[in-house]
Amino acid sequence: MKEIAELLSSLPWKTLLMLASGYAGYFVANVGVREHHKSIDVVFSTLVFGFFAALIYDFVAGETEARWQLASLVAFAGAVVLGALWSRIGRSSMYAVLRLTKVADTDELPSALASLFRIRHNGMTQVHVKLQDGSWLKCDDLSRFKDAPGGPITFGATGDLLIYVSHVKGVADEDFEECPSVIDKDWGCEMTYLPADQIARIDVRQKP
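Mapping to the numbering used here: the sequence shown position 61 is 52, numbers consecutive.
In case anyone wonders, no lab produced these hints; they're calculated from the structure. Incorrect hints may appear among the rest.
Unchecked claim - Derived DEER-like restraints, expressed as beta-carbon distance ranges:
hint, residue 1, residue 2, range
1, LYS198, GLU168, 23 to 31 Å
2, HIS28, GLY161, 53 to 61 Å
3, VAL88, LEU64, 28 to 36 Å
4, SER83, ASP138, 21 to 29 Å
5, ALA163, MET85, 28 to 36 Å
6, ARG82, GLN60, 28 to 36 Å
7, VAL162, SER83, 33 to 41 Å
No residue lacks a Cβ here, since even glycine has one placed at the ideal position from N, Cα and C.
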């Protein structure tokens, strides 16, 4: 660690800014799907976002770098914004083009569950979860919990799940029963944690 600290302290400010901004952009762009990334993926993704941060820095600072403090903040923020845009729009658009041109049909994520992370904000309306014992849990309307902590639903990288359970159905039941206590005006909303080894199936309803 001492050697790394000495190396970083010897680097020019612009290089440090590029590395820091690049990694921040990479982190934001790949939240939830970084588990399978190799070191080379991290390095070159960091350099890509760092490259744009360097361009922003040069543009704001000018030739004399008189505004280097402001330029540094703007460059860092710019890399983070680019990462967010890539996560929200860029990645899905690129995959859509690849499928449309029949170049590739894969999104290179390690599992279908990881792909589910990417659609959580794209019109998801209902979630049904079948447990290993045969019972079912359901969140009938995810929009009810969009402002709740961790809401409306959180998929863990290991396959576990956080969900606001609005309805349950036992093994012998024919219909779902509502859980009126999931929302309490005094105590707030009740979230349920489901370990991956307890989940047999996940059904997601999504609007186009």
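Evaluated hints:
1. Between LYS198 and GLU168 the C-beta distance comes to about 26 Å, which sits within the given range of 23 to 31 Å.
2. Judged by the Cβ atoms, the range 53 to 61 Å given for HIS28 and GLY161 is violated: they are separated by roughly 41 Å.
3. The hint said 28 to 36 Å for the Cβ distance between VAL88 and LEU64, and at roughly 34 Å that hint holds.
4. For SER83 paired with ASP138, a C-beta distance near 24 Å keeps the hint of 21 to 29 Å intact.
5. At roughly 48 Å, the beta-carbon separation of ALA163 and MET85 lies outside the given 28 to 36 Å, and the hint is violated.
6. For the hinted restraint 28 to 36 Å between ARG82 and GLN60, the CB-CB distance of approximately 32 Å keeps it satisfied.
7. Separation of VAL162 from SER83 is about 38 Å and conforms to the stated range, judged on CB atoms against 33 to 41 Å.
Hints 2 and 5, counting from the list given before, are not met by this structure.
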